[in-house]
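For the protein sequence lines, the chains are A and B, in the order given. Residues in the first sequence are numbered consecutively from 2, following our numbering. Residues in the second sequence are numbered consecutively from 2, following our numbering.
These are calculated hints, taken from the structure and not from any lab test. From the three backbone atoms N, C-alpha and C, an ideal C-beta is built for every residue, glycine too. Just to be clear, a hint being listed does not mean it is correct.
[To be verified] The following label-pair restraints were derived from C-beta to C-beta distances:
{"hint": "1", "chain 1": "B", "residue 1": "Ala49", "chain 2": "A", "residue 2": "Glu21", "range": "52 to 60 angstroms"}
{"hint": "2", "chain 1": "A", "residue 1": "Leu304", "chain 2": "B", "residue 2": "Ile10", "range": "50 to 58 angstroms"}
{"hint": "3", "chain 1": "B", "residue 1": "Tyr34", "chain 2": "A", "residue 2": "Arg103", "range": "19 to 27 angstroms"}
[Said to hold, decoys possible] Chain B is faced by these chain A residues, among others (derived, beta-carbon under 7 angstroms):
{"hint": "4", "residue": "Asp146"}
{"hint": "5", "residue": "Arg147"}
{"hint": "6", "residue": "Thr159"}
{"hint": "7", "residue": "Ser161"}
{"hint": "8", "residue": "Ala165"}
{"hint": "9", "residue": "Val169"}
{"hint": "10", "residue": "Gly178"}
{"hint": "11", "residue": "Val182"}
{"hint": "12", "residue": "Gly186"}
[To be verified] With a straight-line Cα cutoff of 30 angstroms, these simulated DSSO-like cross-link-like pairs (lysine-lysine) come out:
{"hint": "13", "chain 1": "A", "residue 1": "Lys168", "chain 2": "B", "residue 2": "Lys85"}
{"hint": "14", "chain 1": "A", "residue 1": "Lys168", "chain 2": "B", "residue 2": "Lys122"}
{"hint": "15", "chain 1": "B", "residue 1": "Lys55", "chain 2": "B", "residue 2": "Lys133"}
{"hint": "16", "chain 1": "B", "residue 1": "Lys122", "chain 2": "B", "residue 2": "Lys165"}
{"hint": "17", "chain 1": "A", "residue 1": "Lys168", "chain 2": "B", "residue 2": "Lys165"}
{"hint": "18", "chain 1": "B", "residue 1": "Lys20", "chain 2": "B", "residue 2": "Lys85"}
{"hint": "19", "chain 1": "B", "residue 1": "Lys16", "chain 2": "A", "residue 2": "Lys66"}
{"hint": "20", "chain 1": "B", "residue 1": "Lys62", "chain 2": "B", "residue 2": "Lys16"}
{"hint": "21", "chain 1": "B", "residue 1": "Lys80", "chain 2": "B", "residue 2": "Lys62"}
{"hint": "22", "chain 1": "B", "residue 1": "Lys133", "chain 2": "B", "residue 2": "Lys20"}
{"hint": "23", "chain 1": "A", "residue 1": "Lys192", "chain 2": "B", "residue 2": "Lys62"}
{"hint": "24", "chain 1": "B", "residue 1": "Lys20", "chain 2": "A", "residue 2": "Lys192"}
{"hint": "25", "chain 1": "B", "residue 1": "Lys165", "chain 2": "B", "residue 2": "Lys133"}
{"hint": "26", "chain 1": "B", "residue 1": "Lys53", "chain 2": "B", "residue 2": "Lys122"}
{"hint": "27", "chain 1": "B", "residue 1": "Lys164", "chain 2": "B", "residue 2": "Lys85"}
{"hint": "28", "chain 1": "A", "residue 1": "Lys168", "chain 2": "A", "residue 2": "Lys207"}
{"hint": "29", "chain 1": "B", "residue 1": "Lys164", "chain 2": "A", "residue 2": "Lys192"}
{"hint": "30", "chain 1": "B", "residue 1": "Lys20", "chain 2": "B", "residue 2": "Lys80"}
{"hint": "31", "chain 1": "B", "residue 1": "Lys55", "chain 2": "B", "residue 2": "Lys16"}
{"hint": "32", "chain 1": "A", "residue 1": "Lys66", "chain 2": "B", "residue 2": "Lys20"}
{"hint": "33", "chain 1": "B", "residue 1": "Lys80", "chain 2": "B", "residue 2": "Lys16"}
{"hint": "34", "chain 1": "A", "residue 1": "Lys5", "chain 2": "A", "residue 2": "Lys268"}
{"hint": "35", "chain 1": "B", "residue 1": "Lys122", "chain 2": "B", "residue 2": "Lys55"}
{"hint": "36", "chain 1": "A", "residue 1": "Lys368", "chain 2": "A", "residue 2": "Lys207"}
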Amino acid sequence: MYLKYLRLYQFRNFNELEFEPTQDVNIIVGRNGIGKTNLLEAIGYLSSLRSHRASTDRTLMMLGKDEFSVRGIASSELGNVDVRIDYFQERGRRVGYLDGNRVDRLIDMVGRIPSVLFSPEDLNFVRGAPSERRRVIDIFISQLDREYLEALSRYNATLSQRNALLKVIQSGGAEVGQLEVWDDGIIRYGKEIVERRAEWIGGLSKVASRFYRDVTGGEQELNLVYEPSLEVGNDAGIGIGERLNSVREDDIRYGFTTVGPHRDDFKFLLGDIRASQVASQGQTRLMAIAFRLAQSKMMGDYLGERPILLLDDMGSELDLTHLSEAFRLIPEKGQVFVTTTREDLAPIISGEVTFWRFSDSGIVEMKS
Amino acid sequence: MDVIYPRGILGQLVKEISKFPGVGLRSAERIAYSIILSGPSRINEFSALLNKAKSALSRCKLCGDISEGEICQICRDEKRDRTKICVVREPLAILSIERSGEYRGLYHSLDGLISPLDGIKPEDLRIGELMKRIDDNIEEVIIALDPSVEGDATSMYLADLIKKRDVMVTRLAYGLPVGSDIEYADATTIRRALQGRQEL
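Next up, chain B with everything else stripped away, as it sits in the complex:
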């Protein structure tokens, strides 16, 4: 049995939608069919909203998050702890950390990780901007990058630079997933959780 793809313009639409992260072929088909089968007013409103969002939103000059205006809400908020800065790979991660409600400091998106395979060098990342911000009374830098080898290498690179400035560098702990039983955790997770154990 061969896979049947939609042809022509419909196929083009499906293909374009499937380029978005996390959208597989099946989901792309559902979305494309739903768009075309919905009324013309909904399509017009949606495409107007897309255009409006794209022109109203840009990157925050400081942290790199998506912002309505030059500086984002978080960077402008005087009530936030301006001695701490949390380094993330991309703006989307800021949303996840904000949802936790645990952190009240500032953020900085690197816009990537060091990866020679993809031709991404340290100077391609927003590291220079980060160092300038650190010199502005930052006391702690919290590194919250992916636990991949690229994330680890980038963290190490940053830690070396930041320590030279006599600023504390921390990294998010690896640990057991909340809400699951310990016997289901794999050995690597348990080992890392043990290494990062805390005194009660």
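If we strip away everything but chain A, and leave its shape as in the complex, we get:
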């Protein structure tokens, strides 16, 4: 599958932009601050309806405007798919159109144009806060696993309600017993999320470990280990329920739910040691690349074709060496977007390369 048309309206720094990329390698060259990352962010947003870096839709809207729109048409052997998301600030909501028809539920649009993004900020999910890792893993699984997405969406809705009720209970405005109807949702959807995360992270760990070995020559073994906030045992549902009960007083005191998949983490291990404690900058970068490659590989295996690869800000020598290594490991053909400040990137990537640059009228092809 490849993206053949992209339209951005009042998205980040683009008032209106149309772009018709090629189905091979698209290298977008431009100085810093011109909006290269925003462009890839928009493509990633079409895939998952989430930004890889912003936590609210409002952040994605051009300053001083009150709506934005992202639309992409992708083509595959099965035909075209047309995904459009409009955001309206006044109503604080999004409206989605799939092949021109308004959808009842936005989650029906997730994963229609699958992609994986490689970003310099990827260092953050190896070394940074757990929330970064959860975001990355959620964006990945959601594109492949409809039931996971469904459970996650219902879990988050239940969690917001439960947290709101905890605050009311804290101030004496409701009885503790009213928590039960929300606990039920936390347990049901929480269990499903934990089981599916365990499965997907386990799979990613195996594939990422192989890539890391191939890139580094096998000095140390890379592993991803899932650390759920709630353990799912044999009598899973009961286990989570008991745990939730046992922290109820804490929850009321703090006014939010202190355990559950929204507090999950997973760690990167090199050998037996937590990667954040041992890895150098270079090693961390390699781990991130191996992890992204694993996502791409698993998505390709699962969907039957390679997802669109988005390589943001590929500039340093380190990146170039690593990426040429990396691309040797995923030889399958597919569409690639690369943003860079340099014009000499072509040799690292196989396939037909087209260079693009930003101009007043949009993105134009660079003729050498």
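Let chain A serve as the given structure and place chain B on it in line with the hints.
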């Protein structure tokens, strides 16, 4: 290209119309233009009808549906099955269920769902009224709330209360949409349909 809104009174009218459920900006503009461009007699008749409807109609004291008089037609109808009561979020849902022609019992509108985020507590809903009606020889309560997390939580809350009264509680089945092919149904729908399967 910036969006151009109608200005002045016309803009006010469009804005007011777009506040109705299911009416977007474009539809609101069409309606507003149509109203203003139509003859004065049509406008007068329409505004008279609105006033008449508003003063003639009120809420049924029992079920909460819209009614001409204190008690609505359904609640007065002796031919209906008075041992069953169907709980809905709002009166509009009664219309949909009536159209199905499948149900001949009574209704009860809760006028909302439990939602701590919106400050809606169980005591803000018409649950007390429901319990009083249940004590009046009801044998089955059918819960027909939205399949949202708020709908599920409210259903659970009601089920707990009603079961204590030794009355049967049922919930509408989740299932495959009629008239569409099974291969187009999503996994969640199929799973729920399997869980709610029936013996033939």
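Results for each hint:
Separation of alanine 49 of chain B from glutamate 21 of chain A is about 56 angstroms and conforms to the stated range, judged on CB atoms against 52 to 60 angstroms. Range check, leucine 304 of chain A to isoleucine 10 of chain B: about 54 angstroms between beta-carbon atoms, so the 50 to 58 angstroms window is met. The beta-carbon spacing between tyrosine 34 of chain B and arginine 103 of chain A, approximately 23 angstroms, falls within the hinted interval of 19 to 27 angstroms. Here the hint on aspartate 146 of chain A is broken, as its CB sits about 9 angstroms from the closest CB of chain B, past 7 angstroms.
A distance limit of 7 angstroms between C-beta atoms decides the matter here; for arginine 147 of chain A the minimum to chain B is near 5 angstroms, and the interface restraint holds. At about 5 angstroms, the closest approach between the beta carbon of threonine 159 of chain A and any beta carbon in chain B falls short of 7 angstroms, and the interface hint on this residue holds. With its C-beta approaching chain B no nearer than about 6 angstroms, serine 161 of chain A sits inside the 7 angstroms limit, and its interface hint holds. Taking 7 angstroms as the C-beta cut-off, the interface hint given for alanine 165 of chain A holds, the closest approach to chain B being about 4 angstroms.
Interface hint status for valine 169 of chain A: upheld, as the beta-carbon distance to the closest one in chain B is roughly 6 angstroms, under 7 angstroms. About 9 angstroms separates the beta-carbon of glycine 178 of chain A from the nearest beta-carbon of chain B, more than 7 angstroms, and the hint is not met. The criterion of a C-beta within 7 angstroms of any C-beta in chain B is met by valine 182 of chain A, whose closest approach is roughly 4 angstroms, and the hint holds. Hint on glycine 186 of chain A holds. Least Cβ distance to chain B is approximately 5 angstroms, under the 7 angstroms limit.
For the proposed pair lysine 168 of chain A and lysine 85 of chain B, the alpha carbon gap of about 37 angstroms is over 30 angstroms, so the pair is violated. Restraint check for lysine 168 of chain A and lysine 122 of chain B: the C-alpha separation of about 13 angstroms stays at or below 30 angstroms, so the hint holds. Proximity of lysine 55 of chain B to lysine 133 of chain B is assessed by CA-CA distance (about 29 angstroms); at most 30 angstroms being required, the pair is judged to hold. Proximity of lysine 122 of chain B to lysine 165 of chain B is assessed by CA-CA distance (about 20 angstroms); at most 30 angstroms being required, the pair is judged to hold.
Restraint check for lysine 168 of chain A and lysine 165 of chain B: satisfied, since their Cα atoms lie roughly 28 angstroms apart, inside the 30 angstroms limit. For the suggested pair lysine 20 of chain B and lysine 85 of chain B, the alpha carbons sit about 36 angstroms apart, so the restraint of at most 30 angstroms is broken. For the hint linking lysine 16 of chain B to lysine 66 of chain A, the alpha-carbon distance of about 19 angstroms falls within 30 angstroms, and the restraint holds. Taken as a hint, the lysine 62 of chain B and lysine 16 of chain B pair is broken in the structure, with Cα atoms around 33 angstroms apart against an allowance of 30 angstroms.
With a C-alpha separation of about 19 angstroms, the suggested pair lysine 80 of chain B and lysine 62 of chain B falls inside the 30 angstroms cut-off, and the hint holds. Between lysine 133 of chain B and lysine 20 of chain B, the direct Cα distance comes to roughly 35 angstroms. Violation of the 30 angstroms bound is thereby established for this hinted pair. With a C-alpha separation of about 43 angstroms, the suggested pair lysine 192 of chain A and lysine 62 of chain B falls outside the 30 angstroms cut-off, and the hint is violated. Using a Cα cut-off of 30 angstroms, the hinted pair lysine 20 of chain B and lysine 192 of chain A is violated, with the two alpha carbons roughly 40 angstroms apart.
The suggested pairing of lysine 165 of chain B with lysine 133 of chain B holds, with an alpha-carbon distance near 14 angstroms, which does not exceed 30 angstroms. With a C-alpha separation of about 34 angstroms, the suggested pairing of lysine 53 of chain B with lysine 122 of chain B is violated against the 30 angstroms cut-off. At most 30 angstroms may separate the alpha-carbon atoms for a hinted pair to count; lysine 164 of chain B and lysine 85 of chain B meet this at roughly 15 angstroms. Restraint check for lysine 168 of chain A and lysine 207 of chain A: the C-alpha separation of about 42 angstroms exceeds 30 angstroms, so the hint is violated.
Of the pairs offered as hints, the one joining lysine 164 of chain B and lysine 192 of chain A holds, with about 27 angstroms between alpha carbons and a cut-off of 30 angstroms not exceeded. For the given pair, lysine 20 of chain B sits about 39 angstroms from lysine 80 of chain B by alpha-carbon distance, which is inconsistent with the 30 angstroms threshold. Proposed proximity of lysine 55 of chain B and lysine 16 of chain B is supported: the alpha carbons are some 21 angstroms apart, at most 30 angstroms. Proposed proximity of lysine 66 of chain A and lysine 20 of chain B is supported: the alpha carbons are some 21 angstroms apart, at most 30 angstroms.
Our distance criterion of 30 angstroms between C-alpha atoms is broken by lysine 80 of chain B and lysine 16 of chain B, whose separation comes to about 45 angstroms. Restraint check for lysine 5 of chain A and lysine 268 of chain A: not satisfied, since their Cα atoms lie roughly 37 angstroms apart, outside the 30 angstroms limit. With a CA separation close to 29 angstroms, the supplied pair lysine 122 of chain B and lysine 55 of chain B stays within the 30 angstroms bound. Under the criterion of a C-alpha separation no larger than 30 angstroms, the hint pairing lysine 368 of chain A with lysine 207 of chain A is inconsistent with the structure, at around 43 angstroms.
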